[in-house]
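S.K.: Each chain, written out:
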Amino acid sequence: MPELLQEYWLLILAALVIGIVVAWWIFHASRRTRVELEDKPSESGGAKRNQALIDAPPVASAAPGPISVAATADKVAATSAIAEAGAAVSAREAIRKTADVPPGETPEAQTARPRTEETAQADDLRRIKGLGPKLVSLLAEHGITSFAQIAAWDDAEIDRIDAQLGRFQGRIRRDDWVAQARFLAAEDIAGYEDRFGKV
Amino acid sequence: MPIWMEVFVLMLLAYMAGLGIGWSIWGRAS
Numbered sequence: 001m002p003e004l005l006q007e008y009w010l011l012i013l014a015a016l017v018i019g020i021v022v023a024w025w026i027f028h029a030s031r032r033t034r035v036e037l038e039d040k041p042s043e044s045g046g047a048k049r050n051q052a053l054i055d056a057p058p059v060a061s062a063a064p065g066p067i068s069v070a071a072t073a074d075k076v077a078a079t080s081a082i083a084e085a086g087a088a089v090s091a092r093e094a095i096r097k098t099a100d101v102p103p104g105e106t107p108e109a110q111t112a113r114p115r116t117e118e119t120a121q122a123d124d125l126r127r128i129k130g131l132g133p134k135l136v137s138l139l140a141e142h143g144i145t146s147f148a149q150i151a152a153w154d155d156a157e158i159d160r161i162d163a164q165l166g167r168f169q170g171r172i173r174r175d176d177w178v179a180q181a182r183f184l185a186a187e188d189i190a191g192y193e194d195r196f197g198k199v
Numbered sequence: 001m002p003i004w005m006e007v008f009v010l011m012l013l014a015y016m017a018g019l020g021i022g023w024s025i026w027g028r029a030s
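Protein sequences appear in the order of chains G and Z. Sequence positions in the first sequence follow our numbering and run 1 to 199. Sequence positions in the second sequence follow our numbering and run 1 to 30.
Among the hints, a few may not be true.
Partner residues aside, some chain G positions facing chain Z, computed with beta carbon under 10 Å [as the list claims (entries may be wrong)]:
1. L5
2. V17
3. V21
4. A23
5. I26
6. A29
7. R31
Hints in this document: simulated from the structure, not taken from any laboratory. For glycine and all other residues, C-beta sits at the position ideal for the given N, C-alpha and C.
Can you build the whole structure from these sequences, using the hints too?
M.R.: Below you can see the structure in the form of structure tokens.
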């Protein structure tokens, strides 16, 4: 046995080193990666993937306008039906009432006005990490256009919205949109960057 | 026992010892 050790000590030492390296990888390196994922979601591979999604060309960027106008029309139709107790009000008249458009204006002007009003109040939701153009349009379909709205979500609301995000399900909690939106709604950029990295 | 098997067993033991050393350093701490 001692002769064997003398002859093959290099191989045995190599096996020992490999054992130590494997143990280091199992007990140290892989754990450290997991902790980094939890502590700094912005630095992880997920954030890179999200950035790729953000950089991707907008697929349905034109969607929010017409859809939100339609939504407004629905809302106004509902409220006017209550207020005027069954009076027959068409959807076009309803839009006219909300936008205070004189009857002489063109249909383009009527639809353009609520849209510009909406964008004036809307925040650039893409500043939230993990929220790309596709998600912005999806959220706009549900009337969510500002940081304050997202910041006010509770668990039930998150579940409700999350269920409608299709293949993006789980993003809200994974990227902690609510906390991000709180910082951004309060314009607390320092606090945001401290927790989530550069805006 | 053929010599290659003795070497193999020694290497295996050394590998296990390496794992043990690594565990005692990085595994117990967390």
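S.K.: At a threshold of 10 Å, is the proposed contact between V21(G) and chain Z supported by beta-carbon distances?
M.R.: holds, 8 Å
S.K.: A closest beta-carbon separation below 10 Å is what the hint needs, so does A23(G) meet it against chain Z?
M.R.: With a minimum Cβ separation of about 2 Å from chain Z (threshold 10 Å), the hint on A23(G) holds.
S.K.: Quick check on R31(G) please, does its C-beta sit within 10 Å of some C-beta on chain Z?
M.R.: holds, 6 Å
S.K.: Go through the hint on L5(G) and say holds or violated, using the shortest Cβ distance to chain Z against 10 Å.
M.R.: holds, 7 Å
S.K.: Can I26(G) be said to touch chain Z, with a Cβ gap under 10 Å?
M.R.: holds, 8 Å
S.K.: With chain Z as the partner, please determine if V17(G) meets the hint condition of a C-beta pair closer than 10 Å.
M.R.: holds, 6 Å
S.K.: Would you settle whether the hint for A29(G) is holds or violated, based on the nearest Cβ-Cβ distance to chain Z being less than 10 Å?
M.R.: The hint holds - A29(G) has a Cβ within 10 Å of chain Z, the shortest such distance being about 9 Å.
Hint check: no violations occur; every hint is consistent with the structure.
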